[in-house]
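Participant: Top to bottom, those sequences are chains A and B.
Each residue of the first sequence is one higher than the one before, counting from 25 in the numbering used here.
Each residue of the second sequence is one higher than the one before, counting from 25 in the numbering used here.
It is worth saying that the hints were derived from the structure and are not from the lab.
All clues stand as given, with none of them false.
Which copy? The list can't say, so a pair holds if one copy fits it or any two copies do.
25 Å max Cα-Cα, derived DMTMM-like pairs, lysine to aspartate or glutamate:
| hint | residue 1 | residue 2 |
| --- | --- | --- |
| 1 | Lys-112 | Asp-143 |
| 2 | Lys-317 | Glu-246 |
| 3 | Lys-59 | Glu-132 |
| 4 | Lys-286 | Glu-350 |
| 5 | Lys-161 | Asp-32 |
| 6 | Lys-31 | Glu-164 |
| 7 | Lys-280 | Glu-350 |
| 8 | Lys-68 | Asp-32 |
| 9 | Lys-105 | Asp-94 |
| 10 | Lys-203 | Asp-238 |
| 11 | Lys-112 | Glu-128 |
| 12 | Lys-203 | Asp-237 |
| 13 | Lys-112 | Asp-155 |
| 14 | Lys-112 | Glu-246 |
| 15 | Lys-84 | Glu-132 |
Source: prediction; values computed, not measured.
There are 2 protein chains.
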Amino acid sequence: MSYVTVKDIAKVAGVSTNTVSRALNGKPDVNQETKQKVIEVAHKLGYVSNRSALSLKRQKSYIVGVVTEDNANPFWAEVLKGVEATAKNYGYHIIIANTSRNYETEAEGIKMLIERRVDGLLISPVQEKYDDILNLKRYEIPFAIMGRHVEGLDVPMVYDDGIRGGSIATEHLIKQGCKKIAFIGAQPYNTASSERCQGYKKALQKNGITVEDDLIKTGGIEIGGGYKSVMDLAANHTEFDGIFVYNDLMALGVIKALKELKIRIPEDVKVIGYDDISYASFICPSLTTMRMKKFEIGEIAFKMLFDSNEQNKDEVVLHSDLIIRESA
Amino acid sequence: MSYVTVKDIAKVAGVSTNTVSRALNGKPDVNQETKQKVIEVAHKLGYVSNRSALSLKRQKSYIVGVVTEDNANPFWAEVLKGVEATAKNYGYHIIIANTSRNYETEAEGIKMLIERRVDGLLISPVQEKYDDILNLKRYEIPFAIMGRHVEGLDVPMVYDDGIRGGSIATEHLIKQGCKKIAFIGAQPYNTASSERCQGYKKALQKNGITVEDDLIKTGGIEIGGGYKSVMDLAANHTEFDGIFVYNDLMALGVIKALKELKIRIPEDVKVIGYDDISYASFICPSLTTMRMKKFEIGEIAFKMLFDSNEQNKDEVVLHSDLIIRESA
DNA sequence: ATCGGTATCGATACCGGTATCGATTAGGAG
DNA sequence: CTCCTAATCGATACCGGTATCGATACCGAT
Chain A
25 MSYVTVKDIA KVAGVSTNTV SRALNGKPDV NQETKQKVIE VAHKLGYVSN
75 RSALSLKRQK SYIVGVVTED NANPFWAEVL KGVEATAKNY GYHIIIANTS
125 RNYETEAEGI KMLIERRVDG LLISPVQEKY DDILNLKRYE IPFAIMGRHV
175 EGLDVPMVYD DGIRGGSIAT EHLIKQGCKK IAFIGAQPYN TASSERCQGY
225 KKALQKNGIT VEDDLIKTGG IEIGGGYKSV MDLAANHTEF DGIFVYNDLM
275 ALGVIKALKE LKIRIPEDVK VIGYDDISYA SFICPSLTTM RMKKFEIGEI
325 AFKMLFDSNE QNKDEVVLHS DLIIRESA
Chain B
25 MSYVTVKDIA KVAGVSTNTV SRALNGKPDV NQETKQKVIE VAHKLGYVSN
75 RSALSLKRQK SYIVGVVTED NANPFWAEVL KGVEATAKNY GYHIIIANTS
125 RNYETEAEGI KMLIERRVDG LLISPVQEKY DDILNLKRYE IPFAIMGRHV
175 EGLDVPMVYD DGIRGGSIAT EHLIKQGCKK IAFIGAQPYN TASSERCQGY
225 KKALQKNGIT VEDDLIKTGG IEIGGGYKSV MDLAANHTEF DGIFVYNDLM
275 ALGVIKALKE LKIRIPEDVK VIGYDDISYA SFICPSLTTM RMKKFEIGEI
325 AFKMLFDSNE QNKDEVVLHS DLIIRESA
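With these hints in hand, go ahead and build the complete structure from the sequences.
Facilitator: Shown next as structure tokens:
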């Protein structure tokens, strides 16, 4: 059986398609009895409205596109929950486009979302380039940047204060007695990573510890990236007694590497992560980290698109909290 | 600036909308020069095609709807990666509808996806009821069930052999010397859970161990469910030296509870999970588990919809492998 | 000169809804 | 009885594409 249309309902109910539309949408100018009958017929025929036709006519899709690096990543999964829950409250659905931290994939994803005529766009940019995002200004589509702070882009953003957080994390290691603290970060163009690194340097300087370039590693993100950076440090015989890792996922790799190197945590080396993903308390040793307001990032980002209270803010900065566990 | 249409391009290029369409879609019956000019104009004006209009005209959306309990759940996140990667190869996009293990949410999600006129539907059902899924047969939309085995539904399915896997997991505990093995499962209507429980019973019987109802717990899923079940066992002073947990996420809760009860793993109690989520090797102690073919479930499920090689199979059964780590 | 074939292109209908506007009817006021 | 108003409803245009079909022009063959 094919899909039922308003025309089918109209024929069976003996009214015009217009009346069907009015009846089904609770509009005025319909007699109560007619309305009942139409609804009855629609139900009996198994009518389901066609959103494509609606989108076309209303010039509104009630879809918001979300562009993130990977919706399976536990950090972004939480952010997405915030977006999704808020979207639902506002009568929107979301389509997710993963970038896999690749600029071309990001550009493709954004194009796809524009083709679907999303009503808004939430982007956590790859940051290799911003051409695709700047290009968005050609259209009248509202969009916002999530989880990253980008200077000079003149686009609404919601992000975590990485300088503050990085500074707090590093100070915690210093208070725990660490003297030679390494920073293991993401790609250099990743502003979240570079801000946390700035915070790290700030904390070191404030405490009279010199910043050593050998102790700063940037590279691939995710578990493998953290693993590799520790192995690099070890291969260069760089000494360290503390590590501040860009995020918890990389911290997993860091911990794995340290274990393989028979370095005890936290006795020999203390480790602190960032994000507080849900598995941070279950890993061994449990991970000290900065708890980011993940759900809120998604929630606020969505509201920046459509909620008049948040709409005209061009920047929302969130603060993360230190969560002390076993690793530091 | 509003969106550019074929009409705008036609006006500027001095041709008809039809010619624009032909030129942009690589169709024949267009002069090479005309084609070039149209493409040029389209590019200059920043044309992006409108998928809603296309969907309406072509009666095809190139979207597949995916209904799962929670895309943030590490197990389903992997399955979704399989779906997404395969969909991309076939030129499809996906829209995700989370059910939160709630029948009403599932029914709503399915309705939304039908409204968007998805070309296919992949569902991991809540299993409280099947009315919404059976209702799908009214439409001509292809769909398949992922990760669950449901008898008597006459719908294509791809799932893991839970009886086999549950049996292997339980036998592993028995070989490790466990005599009193508990099973901690999900809700009773969850067929994946009940099949693993069947496998558990089968293995016990085969090894001359009597099945004790006190040792079988069913209840809430996810971390909290596992935690609560262990605490229930402890409150009833039920003795056990091994636990087979429905999935790894619940195993996290189990391990948390055991730690709080000062029960050592694996010395006092051995624990085995199911799924092999990516964090299983990082938790403490690292989790022995059954590795499910998560990506493949998503991949095969998608192919069942459209790929002529897989299309006419009504069931694909996958086998999981025992991964031995510290917890058992 | 006429004809047939081919290449190129445009007018128009249609997909499934909704909005605009006009038509019809009934009822009450004058 | 006429006029006005409100309630109800239908005909039609439109959203942005594409498919169908017909029109036109140009070529070489007869």
